[in-house]
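**Q** Kindly produce the complete structure, drawing on both the sequences and the hints.
Throughout the sequence shown, residue numbering follows UniProt numbering, covering 1 to 820 in sequence.
Source of the hints: derived by calculation from the structure; they are not laboratory data. These figures come from a predicted structure and were not determined experimentally. Be aware that one or more of the hints could be misleading.
[Unchecked claim] In silico lysine-lysine, DSS-like type, Cα no more than 30 angstroms apart, as pairs:
1. Lys192 - Lys466
2. Lys217 - Lys197
3. Lys94 - Lys187
4. Lys4 - Lys743
5. Lys145 - Lys444
6. Lys94 - Lys292
7. Lys743 - Lys532
8. Lys650 - Lys13
9. Lys26 - Lys13
10. Lys200 - Lys421
11. Lys444 - Lys421
12. Lys806 - Lys791
13. Lys94 - Lys13
14. Lys444 - Lys217
15. Lys415 - Lys155
16. Lys666 - Lys739
17. Lys320 - Lys242
18. Lys197 - Lys137
19. Lys197 - Lys292
20. Lys187 - Lys444
21. Lys17 - Lys604
22. Lys34 - Lys17
23. Lys812 - Lys772
[What the hints assert, rightly or not] What follows is a list of derived Cβ distance ranges for each label pair:
24. Ile314 - Glu381: 24 to 32 angstroms
25. Val521 - Gly813: 53 to 61 angstroms
26. Asn240 - Lys281: 18 to 26 angstroms
27. Lys33 - Met563: 40 to 48 angstroms
28. Glu681 - Arg354: 50 to 58 angstroms
All residues carry an ideal CB built from backbone N, CA and C; glycine is no exception.
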Amino acid sequence: MIEKTFDHKEAFKKWSKVWDETSLYKCDIESAKKPFYNLWMFPYPSGARMHVGHAYASTGSDIIGRYKRMQGFDVFQPMGFDAFGIHGENYAIKIGQHPLKLMEDLCNRFRDEQFKAIGHGYDWSREIRTYWPSYYKWTQWLFIKLYEAGLAERKEAQVNWCPSCKTVLADEQVIAGECERCHSVVKKKLLKQWFFKITKYSQKLLDNLDKIDWSPKVIEAQRNWIGRSEGALIKFEIFNFKFEIEVFTTRPDTLFGATYIVLSPEHPLVFQITTVGQQEKVQKYTSDSLAKSEIERTLTEKEKTGVFTGAYAISPVNGKQIPIWVADYVLSGYGTGAIMAVPAHDARDFAFARKYNLPIIEAIARINESNKTNVTDEVYEGDGVLVNSGKFDGMTSKEGGEAIVKKLEGLECGKFAVNYKLRDWLISRQRYWSAPIPIIYCKKCGTVPVPEESLPVELPYVEDWKPKGDGRGPLANVYDFVNTVCPKCGGSAERETDTLDNFLDSGWYFFRYPYSQREAVPFDYQEESFKKWFPVHLYIGGAEHSVLHLMYTRFLTMALHDMGIVPFDEPFIKFFAHGHVTKNGKKMSKSLGNIVNPDEYIDKIGADAFRIYLMFMGPYSQGGDFNDRGISGVTRFLERFYRLALRDLKSLKLSKSLKTKNEVEKALAKTISKVTADIEEFRYNTAISAMMTFVNVWEKETLLKERVGDVVKILAPFAPFMAEELWQEYFVDKGGEFKSVHKELWPIVDKNLLVEDIVTIPITVNGKLRGKITVPSDQLDDATAVLKMAKSEEQILKYLLTNIIKKEIYIKGKIINFVI
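**A** See the structure below:
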């Protein structure tokens with residue numbers, strides 16, 4: 001007789017169709033009794049197909065969603081596409097296609113040909129795409145709400161400019177001095193731009209990190225990015241000027257060692273204080289500096305350069321004049337864009353002072369040092385005691401720093417201060433493919449937000465949509481778009497022609513999913529259902545979004561909370577950061593030719609095997625290396641599983657009661673317990689390993705039908721098609737109502753089956769291991785009997801016969817100790 005094999009292609013066709021027809025994964029938002037909002041970061045289509053990284057990350061999210069559904073939760077697992085923005089537009093430029101047509105095609109392909117093929121249980125009835133006017137209408141509404149709350153402003157600033165993408169970038173989109181998208185070196189450019197005042201929430205963003213259940217590496221990344229530092233703001237008067245220079249320092253204890261001031265090339269006072277004789281040098285130096293990227297300016301191995309302005313500052317503590325320099329290693333984005341240079345106690349300042357022959361004065365000495373440091377040869381950056389600091393000499397760094405700041409406060413030229421590295425979120429882009437900023441400029445009324453009833457401000461379809469790189473967006477050339485009427489006075493006015501950063505689209509999308517079919521509101525925060533579904537119960541995504549998307553979602557949620565729009569200030573109850581897939585030990589890239597196309601593998605081995613292999617590569621939190629050789633082991637496991645299930649289901653009838661405790665049933669109980677615990681902790685690889693180990697035991701003994709059903713259930717989140725095939729064939733009445741395995745209840749373990757028949761207990765004498773005994777599990781409670789068995793052990797007896805037992809200690813089933 002020919003053994004039946006599992007036809008993954010036929011199963012996919014059959015069950016995908018049935019799942020769609022029965023709306024298996026559609027969630028009733030209003031009537032849900034036990035809600036669980038399971039969300040994976042929606043993808044941005046920027047290539048022809050979804051890559052294996054998408055498949056890996058989304059499969060891990062789908063598994064926990066399926067598991068929760070089988071635990072009786074009303075699981076809401078929606079999906080959509082982050083299809084507005086620079087990623088999609090750059091791809092459209094690359095292949096020479098209009099982004100609107102391209103995004104329609106890509107999103108449809110991702111949804112219909114790929115997400116469904118891999119067996120994900122999404123509620124597609126609530127799909128969103130960020131380029132749909134019905135969606136970005138509310139993105140524009142959110143912008144206006146922030147504007148009305150004083151959290152959005154337009155100002156002139158030195159901004160990050162990507163010469164390749166031909167647009168400005170937020171600080172978070174610059175990684176090591178390069179554009180996070182195209183890796184071009186980022187330059188600085190002075191432009192008038194829109195910003196969100198995320199810095200108003202710096203401390204709250206930091207404080208809340210202690211109360212959220214997020215992956216530790218994401219919390220640490222956000223903590224570092226916010227970059228709180230305590231210190232002092234100190235004002236230095238400028239000799240012969242009415243200006244003052246304000247610096248932030250974390251080391252006010254070193255103030256007496258400050259021998260010069262350094263301004264960043266962007267500092268607004270540079271050209272106001274530069275003397276006539278130095279103007280040409282300063283002009284050339286600042287121009288050259290602004291042409292460099294921040295990474296070029298701050299390389300530690302780079303020789304420090306600078307130019308003297310000709311002006312002097314006056315030290316507020318001793319009245320000494322110290323020269324003011326301009327140097328590119330000082331950045332405008334941190335602190336005040338000016339520093340007091342203390343070369344004896346800062347390596348960069350030391351190198352600069354040595355090069356330009358500037359004074360080096362020791363202000364901090366090591367505590368209890370026997371030999372003085374030669375400050376012209378060595379930098380000491382640690383704490384110590386103050387020296388050369390007048391009446392503060394002998395104080396510790398902490399005492400001296402506090403005393404100096406208090407003196408400055410009395411002189412009204414200094415104060416204790418907190419500084420943050422976090423900068424306001426630059427929100428405007430000089431690109432076409434994004435939501436227009438809903439602002440109108442009127443000569444009479446000034447800056448006017450578009451009224452809510454006039455939203456959305458639709459993105460016009462234009463043929464000439466590619467960026468020119470002239471500092472203006474393509475919409476500036478669309479006459480009918482630019483020219484409009486002022487909603488206040490009815491006079492002639494012009495629209496803002498920059499578009500919104502696509503991170504605003506993704507910063508609130510999770511609110512929209514349950515209400516995506518509503519036209520009148522973005523989300524109904526007054527409804528009872530809103531409280532059931534928010535904050536999102538579980539959010540899964542990549543840690544690379546720690547200081548971009550994830551920071552922005554937190555800021556926007558806090559802002560909405562402060563406006564009284566949502567009743568909570570954090571968007572996600574739990575965030576889990578998944579790992580990444582490599583190929584042959586290397587990051588996947590087209591240039592290396594090691595891209596893995598999921599479609600090819602799904603077609604060849606089926607979605608079930610592909611899903612299991614992805615999750616078996618390594619811990620979901622870390623990822624793994626994709627290797628074709630490992631796939632055969634997974635396919636063999638599924639083949640064995642299917643064969644054993646058919647063997648037992650065809651030969652055994654349903655048993656009304658379970659009285660036996662054979663090895664396979666005990667092994668199954670342990671496997672169910674292990675798989676359950678592992679799924680809860682996203683340890684999918686070890687859950688799969690446990691099932692593989694169980695199959696080895698199952699091979700030797702048959703299971704009752706109920707127990708085969710349990711095995712099929714624990715396989716279901718990992719291999720949805722095979723599980724459904726087996727369930728429908730052997731556990732559901734033919735011709736009746738469709739009852740999916742994915743809505744069956746997760747198996748409950750008989751805890752009696754988890755108890756070992758025999759337990760091995762170590763025996764120690766005076767704390768040293770001397771032997772062990774095996775005890776039947778039903779005798780573990782009888783301490784007298786267990787101790788008697790221990791005393792009769794030959795290895796133990798020799799210690800007890802010649803000594804007095806002072807104490808007997810028995811911890812049930814764990815350890816026995818005799819004190820002699």
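**Q** Mind listing which of the numbered hints don't hold for this structure, in increasing order?
**A** 11, 13, 14, 20, 27
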